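Undergrad: Each chain, written out:
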Amino acid sequence: MKLTGAQALIRSLESCGTEVVFGLPGGAILPVYDPIIDSSLRHILVRHEQGAGHAAEGYAHATGRPGVAMVTSGPGATNIVTALADAYMDSIPMVCITGQVPVGAIGTDAFQESDTTGITMSVTKHNWLVTSAQDIPRIVAEAFHVATTGRPGPVLIDLPKDISNSEMEWYWPDESDFDLPGYKPNLRPHPRMITQAAKMIVQAQRPVIYAGGGVIKARASEALLELAQLTKIPVVTTLMARGAISDDHPLCLGMPGMHGNYTAVTSIQQCDLLICLGARFDDRVTGKISAFAPKAKVIHVDVDPAELGKVRVAEIPIVADCKLAIEELTKAVTALVGASSKEDFWASKPRLEWAEQIATWQHNYPMVYDKSDDSSGVKPQAVIETLRSLTPDDTILVSGVGQHQMWASQYWKFRHPNTWVNSGGLGTMGFAVPAALGAKVGRPDRMVWAIDGDGCFQMTAQEIVTATMEQIPIKIAILNNAYLGMVRQWQEMFYEERYSEVYLSPDLPDYVKWTEAMGGVGLKVESSDEIENTIDKANSINDRPVVIDFRIDATEKVFPMVPAGHSNDDIVVGPAIEAYFNSLSKKDIKQ
Amino acid sequence: MSQRHHVLSVLVENKAGVLARVAALFSRRGFNIYTLVAAPTDDPRFSRLTVVVDVESSTLEQITKQLFKLINVVKISELDPDEAIERELALLTVQADVNTRSQVIELVSVFEGKIVDVGSDQLTIMLAGEPSKLDGFEQLMRGFGIIDLQRSGRVALAKLEIGRPKLHSVTGQAN
Ligand SMILES: Cc1ncc(C[n+]2csc(CCOP(=O)(O)OP(=O)(O)O)c2C)c(N)n1
Ligand SMILES: [Mg+2]
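From first to last, the protein sequence lines are chains A and B. Oh and the first sequence: position 176 is 176 in my numbering, straight run, nothing missing. Oh and the second sequence: position 76 is 1076 in my numbering, straight run, nothing missing.
In short, the hints are calculated from the structure, not lab data. Accuracy of the hints is not assured; some may be wrong.
Claimed, not checked - Within a straight-line C-alpha distance of at most 20 Å, the following computed SDA-like cross-link-like pairs (lysine to any residue) qualify: (1) B:Lys1015 - A:Glu385; (2) B:Lys1075 - B:Phe1046; (3) A:Lys557 - A:Glu385; (4) B:Lys1015 - A:Gly118; (5) A:Lys184 - B:Val1022; (6) B:Lys1015 - B:Ser1047; (7) A:Lys310 - B:Gln1062.
Computed from a predicted model, the values in this text were never measured in an experiment.
Hey, can you work out the whole structure from these sequences and the hints?
TA: Structure (structure tokens):
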């Protein structure tokens, strides 16, 4: 069967299971947009290509399946670079199709020509420039394979216009037809390493599991729960792993790192065995690396060999898919301990003391904030806690980047994997609105809320128009502090309150009117007693986007905090937690 | 951990843009390339890059692992300088007038080089050999006046050991 390259591309996307494409057309990709009309694909027309990229990421976060974005050459391609870089940092599977000028025009500075494969080389797992229409099915199949296997990531296919228009003979390849001689991800853990790791786990007196985004990507939540419950080892979940184990689980210690809670941070510092599963010792987790978990031996599981030894040298490095490795660890530990004595085994004196120590930290330094004075605006933490209590368990929470993101991660109770969508590695302001849109498209059955900053919102708010047009009922809570709040916090704490270019204004733009102009429902909350009603109202709207402008206390800061470059031992719990600790009567303070 | 030169023999797919990917990776990760030679192999599907880097061994491990993540990189072997045959080629044009010409020619023959072009008071010399030998020759020629110099960068293969090449394969498949 003869097809044009454009038809072959669309049919290849369908063959790879694509249901939705986020994109925006233009000259060089025009031929591909024609067969979309006759295809099974749902195309969502975004208002800016960055939005297409983040929507594809949101879709991937929420579903675990690759997001697909399609844009034109030149400015279309450069506009999506931020989203590719974001997906690359957070290992999000994504396939991006870009139009390109005709092959003969490449290199001539043709209209809307850009060196897209060159520009995106360092922010994609791989990219392809198609030079023959006959290659299209194979390249598309390879692209999905590379994006979703091993360490997932974004890939890009650059498709010149004349290739889209030329003819090819249709076929559908299988993996044996792939031309990827250098790509063989190693998924199976080495049995010897597993045995050694299991021995360490059995012998450890103060172990902690450090779970990262790899647990979510590998769909290893259940396996993790089983290992943690078997060994009674507490689990910290990084910013990328929130929800990998439920925050309600007694073994879940919450988020570690720069804005992690006291117990999560300190238990890592004090542990004698750190079991790192699909995490990468990011500087936001480790603080000063030489002072990170100084007493710990490290077991490090990652599917990407380059992560092993990159930052911290592990005693036991294990290259493997997280799920397979965790399952093997559970088996090996079970075999070592023997079924009969299981329960007693983990009740050794040092292990009981460790559990007691952790409980003591949790008791003495819980996540609390000053609820008493809301005269200068509602408390952001109260907004998040109330929102949590008024939304279903499996609500998908999306966030932007800044203070609101940290509060969301700290105060939301995550109860399922793939319910937290945020930009961790790149820290991309403007992520939330389009990512929420993508998440809702992927999981229309779920309620999707975004917690956004006023600064972030202004970067990509135009995608609310997309949401209205496409009837994607996302809900957005702007924590409006009239500031680039996270930057303000650093200027307050580290630059003697010299505020430089961080003030935005609470009323400009008027978020309610702006939302209404984009076809959504705009609501505003100015005092604490309106929080609940307004959220209820937003929850009752299911046919269009809703935005709530929460006027929050601009002086509220994110605590605890480890100042950049400091050891995690220097954690500053902040005035509220300190006051709480001091209010504990002597006999209440656990030692 | 010593700061010393390491030779990586990198088998890559013979596809457009592969050299750019390798070079971009070195620059993005902040690694320095000392020399890099790219050439086809006996199999038209692949090319071989011989990359010399001056780094600590821990950095070398990162370089090889990151390189191996490139989809077009098929195999990486680290050649231990003590276990490898390394060769380099140099072309030099040196000042050699009637007064110095015979001295230059004598040195060329001591170093087993070849005079490949002759001008009225200049000679162009070709010299192949171990990089250190080229360094020595270059230094000697400086005394006469080097007009132009082009070195090829190193190529290397593992020394044979009882008929079997001894390769320290570091293709990223850890443990
Ligand atoms: C695209 C981009 N530009 C700049 C930054 C640096 N930055 C990090 S947080 C932040 C402030 C975000 O302000 P807002 O969205 O209002 O959130 P808040 O911190 O006030 O909650 C800035 C400017 C960034 N992360 N991303
Ligand atoms: Mg703000």
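Undergrad: For every hint, state whether the structure bears it out.
TA: Each hint tested on the structure:
no., hint, in the structure
1, B:Lys1015 - A:Glu385, "violated (54 Å)"
2, B:Lys1075 - B:Phe1046, "holds (10 Å)"
3, A:Lys557 - A:Glu385, "holds (16 Å)"
4, B:Lys1015 - A:Gly118, "holds (14 Å)"
5, A:Lys184 - B:Val1022, "holds (18 Å)"
6, B:Lys1015 - B:Ser1047, "holds (9 Å)"
7, A:Lys310 - B:Gln1062, "holds (6 Å)"
Going through the hint list in order, the structure does not satisfy hint 1, though it satisfies all others.
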